[in-house]
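> Position chain B against the provided structure of chain A, taking the given hints into account.
Protein chains: 2
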Amino acid sequence: MGNKSRPSELITPDELARIIEFTKDKETPCLVIDLEKIGKKYDELARAMSGVKIYYAVKANPLDEVISLLRDRGAYFDIASRFELDQLLRLNVSPERMSYGNTIKKEVDIVYAYRKGVRIYTTDSRSDIEKLSRNAPGAKVNFRLLLDGSGADWPLSKKFGAHPDMLYTLVKFAKKSGLTPYGISFHVGSQQRDIGQWDNAIALVKYLFDALKGDGILLSAINLGGGFPAQYLKPTDGVPSYADAILGYLREDFPDGGLEIMVEPGRSLVADAGIIVAEVVLIAKKSEKNKMRWVYLDIGKFNGLIETIGEAIKYPIVFPDRDGKEEWSEAVLAGPTCDSADILYEDYKYKVPNNLKEGERVYILTTGAYTMSYSSVSFNGFPPLKTHILGGV
Amino acid sequence: MGNKSRPSELITPDELARIIEFTKDKETPCLVIDLEKIGKKYDELARAMSGVKIYYAVKANPLDEVISLLRDRGAYFDIASRFELDQLLRLNVSPERMSYGNTIKKEVDIVYAYRKGVRIYTTDSRSDIEKLSRNAPGAKVNFRLLLDGSGADWPLSKKFGAHPDMLYTLVKFAKKSGLTPYGISFHVGSQQRDIGQWDNAIALVKYLFDALKGDGILLSAINLGGGFPAQYLKPTDGVPSYADAILGYLREDFPDGGLEIMVEPGRSLVADAGIIVAEVVLIAKKSEKNKMRWVYLDIGKFNGLIETIGEAIKYPIVFPDRDGKEEWSEAVLAGPTCDSADILYEDYKYKVPNNLKEGERVYILTTGAYTMSYSSVSFNGFPPLKTHILGGV
Numbered sequence: 059m060g061n062k063s064r065p066s067e068l069i070t071p072d073e074l075a076r077i078i079e080f081t082k083d084k085e086t087p088c089l090v091i092d093l094e095k096i097g098k099k100y101d102e103l104a105r106a107m108s109g110v111k112i113y114y115a116v117k118a119n120p121l122d123e124v125i126s127l128l129r130d131r132g133a134y135f136d137i138a139s140r141f142e143l144d145q146l147l148r149l150n151v152s153p154e155r156m157s158y159g160n161t162i163k164k165e166v167d168i169v170y171a172y173r174k175g176v177r178i179y180t181t182d183s184r185s186d187i188e189k190l191s192r193n194a195p196g197a198k199v200n201f202r203l204l205l206d207g208s209g210a211d212w213p214l215s216k217k218f219g220a221h222p223d224m225l226y227t228l229v230k231f232a233k234k235s236g237l238t239p240y241g242i243s244f245h246v247g248s249q250q251r252d253i254g255q256w257d258n259a260i261a262l263v264k265y266l267f268d269a270l271k272g273d274g275i276l277l278s279a280i281n282l283g284g285g286f287p288a289q290y291l292k293p294t295d296g297v298p299s300y301a302d303a304i305l306g307y308l309r310e311d312f313p314d315g316g317l318e319i320m321v322e323p324g325r326s327l328v329a330d331a332g333i334i335v336a337e338v339v340l341i342a343k344k345s346e347k348n349k350m351r352w353v354y355l356d357i358g359k360f361n362g363l364i365e366t367i368g369e370a371i372k373y374p375i376v377f378p379d380r381d382g383k384e385e386w387s388e389a390v391l392a393g394p395t396c397d398s399a400d401i402l403y404e405d406y407k408y409k410v411p412n413n414l415k416e417g418e419r420v421y422i423l424t425t426g427a428y429t430m431s432y433s434s435v436s437f438n439g440f441p442p443l444k445t446h447i448l449g450g451v
Numbered sequence: 059m060g061n062k063s064r065p066s067e068l069i070t071p072d073e074l075a076r077i078i079e080f081t082k083d084k085e086t087p088c089l090v091i092d093l094e095k096i097g098k099k100y101d102e103l104a105r106a107m108s109g110v111k112i113y114y115a116v117k118a119n120p121l122d123e124v125i126s127l128l129r130d131r132g133a134y135f136d137i138a139s140r141f142e143l144d145q146l147l148r149l150n151v152s153p154e155r156m157s158y159g160n161t162i163k164k165e166v167d168i169v170y171a172y173r174k175g176v177r178i179y180t181t182d183s184r185s186d187i188e189k190l191s192r193n194a195p196g197a198k199v200n201f202r203l204l205l206d207g208s209g210a211d212w213p214l215s216k217k218f219g220a221h222p223d224m225l226y227t228l229v230k231f232a233k234k235s236g237l238t239p240y241g242i243s244f245h246v247g248s249q250q251r252d253i254g255q256w257d258n259a260i261a262l263v264k265y266l267f268d269a270l271k272g273d274g275i276l277l278s279a280i281n282l283g284g285g286f287p288a289q290y291l292k293p294t295d296g297v298p299s300y301a302d303a304i305l306g307y308l309r310e311d312f313p314d315g316g317l318e319i320m321v322e323p324g325r326s327l328v329a330d331a332g333i334i335v336a337e338v339v340l341i342a343k344k345s346e347k348n349k350m351r352w353v354y355l356d357i358g359k360f361n362g363l364i365e366t367i368g369e370a371i372k373y374p375i376v377f378p379d380r381d382g383k384e385e386w387s388e389a390v391l392a393g394p395t396c397d398s399a400d401i402l403y404e405d406y407k408y409k410v411p412n413n414l415k416e417g418e419r420v421y422i423l424t425t426g427a428y429t430m431s432y433s434s435v436s437f438n439g440f441p442p443l444k445t446h447i448l449g450g451v
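Residue numbers (our numbering), protein chains in the order written: chain A, 59 to 451; chain B, 59 to 451.
Keep in mind the hints are simulated off the structure, nothing from the lab.
Incorrect hints may appear among the rest.
Because identical chains cannot be distinguished in the list, a pair is counted as satisfied if it fits within a single copy or across any two copies.
Unchecked claim - Calculated cross-link-like contacts (lysine to any residue; reagent style SDA-like; alpha-carbon spacing at most 25 angstroms):
no.: 1; residue 1: Lys343; residue 2: Val169
no.: 2; residue 1: Lys84; residue 2: Leu277
no.: 3; residue 1: Lys343; residue 2: Ser215
no.: 4; residue 1: Lys407; residue 2: Ile367
no.: 5; residue 1: Lys234; residue 2: Arg177
no.: 6; residue 1: Lys264; residue 2: Glu346
no.: 7; residue 1: Lys198; residue 2: Tyr406
no.: 8; residue 1: Lys198; residue 2: Glu416
no.: 9; residue 1: Lys444; residue 2: Arg148
no.: 10; residue 1: Lys111; residue 2: Pro411
no.: 11; residue 1: Lys409; residue 2: Ser235
no.: 12; residue 1: Lys82; residue 2: Arg155
no.: 13; residue 1: Lys444; residue 2: Ser278
no.: 14; residue 1: Lys233; residue 2: Gly296
no.: 15; residue 1: Lys174; residue 2: Leu448
no.: 16; residue 1: Lys349; residue 2: Asp223
no.: 17; residue 1: Lys174; residue 2: Gly274
no.: 18; residue 1: Lys349; residue 2: Pro378
no.: 19; residue 1: Lys343; residue 2: Thr238
no.: 20; residue 1: Lys409; residue 2: Ser215
no.: 21; residue 1: Lys444; residue 2: Asp144
no.: 22; residue 1: Lys95; residue 2: Glu188
no.: 23; residue 1: Lys372; residue 2: Ile341
no.: 24; residue 1: Lys444; residue 2: Tyr226
no.: 25; residue 1: Lys230; residue 2: Val435
Chain A on its own, in the form it takes in the complex (with noise of 0.2 angstroms):
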C-alpha cells in the first residue's frame, strides 16, 4: 500500500475541499499558501525554543507576503544576497533583523549590506573575513562549521564552513581584523532525520569555545542553522521534538547558559503550508509487454519540483475522490518539457489509481518551500510557477 494512506494523514478532508474549492476556475500547475498555517508554524516554534531567536531563512519561500506575515510575529531573517536585502528593506525589516548568511560574497555585497545597516554576517574563509574587515568595521561574525550532513534528505556538501582546525584560526584572524567574533554557526543539513546529529555539532561548538576562551575570545552565540524537517512522505517527528532534544543537549553542554541562540528556519516553517495543483497531461505505456504507466504533469523539475533531483525530496500527492477500494498500482511520474532529465521519481515507484485519467487534478502538498523561486523563467516556454496566497484572489 506503501504512499496511499500517507497524504490523508497530511491533510484534512475539510482542507482539501477548501483548497479543491478555491483553485477551480485557477489555471494549472499552480502553488497554494496557507498563511495561516505559516504562523502556526513560527508559533510553534517561538513556543518550543522560546527565548531563541528566529532568523527565517528568506530563500526557501521569499513571498512578500510570508516577510510581512513573519516581520509582524517579530522573526528575523537570514539573506542570502543583497537582493534578498533589498526586497527585505522594501518591506520594512531593519537591517538589525537581519543577518546575511551566506558565505559567498562578492566585496561590493558587504560593501552594500553593510551600508544599509546590516552588522551579523556568517563566514567560512580568510578571504571574506580580509573582506569583512575592510567593509564592515566591528561587525558581529558567525564562524560557520565544515559538517557532513549524513541523515538529511537534501544532500549537505562540503560547500559551505571550514574545519574546525581552520575555524579556530579564522575567529584570532577575525578578532585581529577588527571585527567582532560573534558565534559558530553551523548547518545538520536539511530535512534532518537524525536530531542526534545536533548533539555532535553542539558539542564541536563546545570545543571551539573552550579553545578559544584560552585565546581570550569569548564568543557570545550559537546559531543552529536550519534543517528541521517538513512533513514528506517519509514521516519525521514534529519541529518541538527536535526543539526539546536540541535544547536539552544545549544545556549539556553549556550548563551556564547567557548565550545567544539563533536557529535559521526556512523549509520547517514554510513547506507544509504549500500545495501545488497539477494536471494529469498524459499517461502512457511505453511497450505493449511492460505494463508500468507513465504518468505525465503539468509541473516538473523546472518549473517548481527541481528538489526532486535524485529523488532527495519525495512529495505526498493527493488523488481526490478516492474512495478506498480503488486498485492502486506503480507508475513512473514525470514533467512536461521536452527534457528527459524532467522526471519526478522513477527510482521510487509511486502508485497511483489505476482508474486515473488525463485532464484529472492532483494535489502535491508539502510544496511551499524550495518551488516557485527555483522555477525556471521560460524553459521550454513554459512560464514561471504561478503563486496564489489562500482566501486571497
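Frame of chain A, contents of chain B only:
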C-alpha cells in the same frame, strides 16, 4: 595539464578580446550570444545535409533574435509548448514551418495548435493519438521511437518514445483514427558522441517502415531528431562529419530515397555561440591540512548552469591574461547560492591558475544552449541570467 590548452582552441585571442571589450561595462553574470556564429552553424548544417528539413529546437535558445535569424535563413521549427508557438507566431513564423515535437500535450494544447495552423505532431502513446484524432483531424503524425541514449553526455531516459512493438500498433491505430501517419522520429540523446547510434536507430526505422508497408501504410518521413554535438571540454567531431555518416546510413537502408528527412538540432546550432561572463566571488580552503581550493563564481546551477547536474556537461572555461607559465592546480567550482547542491564541478577537478584572484572575470564557453531559459526566476534573490547580443547595446 588536462583542460588547460583546450579552451584556446575554441576561441581565438581576437574573439576573446572582443568579448572582453563588449562586456567590460556590463554586470556579471551575463550571457553573450554571437548571432553570426549561429548563422554560420545553420549554413554549415544546411550544406552538409542538403535537402534535409532543419527544424530548430526552440527550447535550446528561445531568444527572439535567434528565432528571427533562423526564420530569415529559411529554417523550420520544433516547438515544445503552445507558449513557444505563440512566440513564433508573434515573430511571423508561419505555422506550416512548425512541428509540435512534444509528445506530452494537453487536449487544449492540441486544440490551440491546430486552430493556429500547426499540422505536424509527434506522438508516442495511444491516448495522445486519441486526442489528436479528436482535435487535429488529418494532421501528419511522427511516431517517436524509444532509444536508450547510450553514448550521450546529457542522459536520455525512457521518458519519450515507445518500443517498436508498440509503435507499430500506434501507427495502425492513428491511421484508423483519421490521422496521417507521416514518419518515424527518434532522438539518440543530446551531445551524442557515438555516431553509430544513428545507424542502429535508422535500421530500426527501416524495420518499422517495412512492417507497416505490409499493412498498406506507407510512411514518408524520417525525423532524425537532435543530438548533434557542441564543443564542450571533451573534443568531438564537427557536425559535417556526423552529417556525412548519417546520410550514408540513410542511403544504405533507404536506397530508393524519396523520403522527407527532418532534423531537430538545438544545442549544435546555438551552444558554441554563447559565452557566459562570470566573476570569481570567493576562493576558500576548508581545512588547514587540505589544500584544495574552492572557487565560487557568481553563476551556478540555478542561474544558468543547470546542465552541470551530475557534471553531465563540462563547459570549457577561459582565464584571460595567462601566459602559459603560471602553475595551475585542481579546484572545486561552485555557484553563489546558499544551496549546498549548487556546485558545478567537484568529481571532475578543473585546473585553475594558482594566481586566480577574487573579482577576476572568467569566460565560460559553449553556453548558448540550455542556459538562460533554464535559469531560476529568483532563487536566493539572484535575478535570472541576463543576455546580450554581441554587437548590440
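> If you test the structure against every hint from before, which numbers come out violated?
Of the numbered hints given earlier, those the structure breaks are 2, 7, 10, 11, 12, 13, 14, 15, 17, 22, 24, 25, listed in rising order.
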